[in-house]
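Residue-level listing of the chains:
Number of protein chains: 2
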Amino acid sequence: VKSPVGGSLDSQAFRNAMARVSAAVSIITTDGPAGRTGVTASAVCSVTDDPPTLLVCINRASRHNAIFKANGRLCVNTLSANQDHLSGIFAGLTKDSMDARFAAGAWSELALGSPVLVGATASFDCEINQVREVGTHTVFFCRVHEVQTHMEGSALVYFDRRYYNVRAAAAQPAGG
Amino acid sequence: VKSPVGGSLDSQAFRNAMARVSAAVSIITTDGPAGRTGVTASAVCSVTDDPPTLLVCINRASRHNAIFKANGRLCVNTLSANQDHLSGIFAGLTKDSMDARFAAGAWSELALGSPVLVGATASFDCEINQVREVGTHTVFFCRVHEVQTHMEGSALVYFDRRYYNVRAAAAQPAGG
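Those protein sequences? They're chains A and B, same order as listed.
Sequential numbering of the first sequence, starting at 1, is according to the working numbering.
Sequential numbering of the second sequence, starting at 1, is according to the working numbering.
No lab work stands behind these hints, which were simulated from the structure alone.
Do not take every clue at face value.
[Claimed, not checked] Which residues of chain B face chain A? A few of them, derived with a C-beta cut under 10 Å, are:
1. 32
2. 36
3. 40
4. 98
5. 108
6. 141
7. 166
C-beta: ideal position from N, C-alpha, C; glycine also.
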């Protein structure tokens, strides 16, 4: 798909192509003076391990966005395959209250106090270092202070707008 | 794993936790006045669809980094499961020359001229909009001008430092 001359590539064509890029699914949480919230995101990536830094992109139109900024901290909780129901709940599909959304999972916390999802494949307890507005989204650059991993369990992968289960133990490595 | 008081989380602990976050694998390519190059990356994410924008993180120590910057354009080619051998080749594991690396795949091009991998699940032909240095890595913010997708074929997923095959047609969606 090509952008028209002098124009921009169609947003739908871009989203369709991004659907062909598999991704982990994470619940991004925060708790602090501005309140507790959580939102589903797949736009998470590692930036550098020195100092340990990741980034997360969150829609500016989302009511969660201002809460993350005000609290200045967040936790990235990457879902295990058996936590796929939380993806829809924290994406707002069920229209549950925030308290009801959190009630659907089990939570603990690390040093910075953001909700840490029990059984996530990995949780990253972060301080927000810098924010950058790009079009419709905010890019949060986050310094990772503490991590927690859950070594059993399979990964939840989103691809072609469906969820898949990557079984760490039993999965077939790609042939090569 | 907790960072020591007043200190930083250990880089190795951070990398171990990031290994528990599944990711697509892409070959990032460019061609232009500064030459042709390609490198394997998993730190790719969608930023906003208006205007269509993605970002890629590439090590500053990599010799490819300056070539991307000088050419001002790049293409993100997300690998199909049957292209897993290209991941190692473009990560430099085989120590092949750049010409030999490209000879291991089939390539075309779109409007901006960066190498486009035939059979990739998706290719994003981009102009580099902005670069931001963060620790050891450069974050390239890229405006997507054109996309190409390959709708058959399975996705290559990297998880727990191994490759997995997410079969779009036959795969079992995660239960829920």
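Outcome of the hint check:
{"no.": "1", "hint": "32", "result": "violated (19 Å)"}
{"no.": "2", "hint": "36", "result": "violated (22 Å)"}
{"no.": "3", "hint": "40", "result": "violated (14 Å)"}
{"no.": "4", "hint": "98", "result": "violated (21 Å)"}
{"no.": "5", "hint": "108", "result": "violated (13 Å)"}
{"no.": "6", "hint": "141", "result": "holds (6 Å)"}
{"no.": "7", "hint": "166", "result": "holds (5 Å)"}
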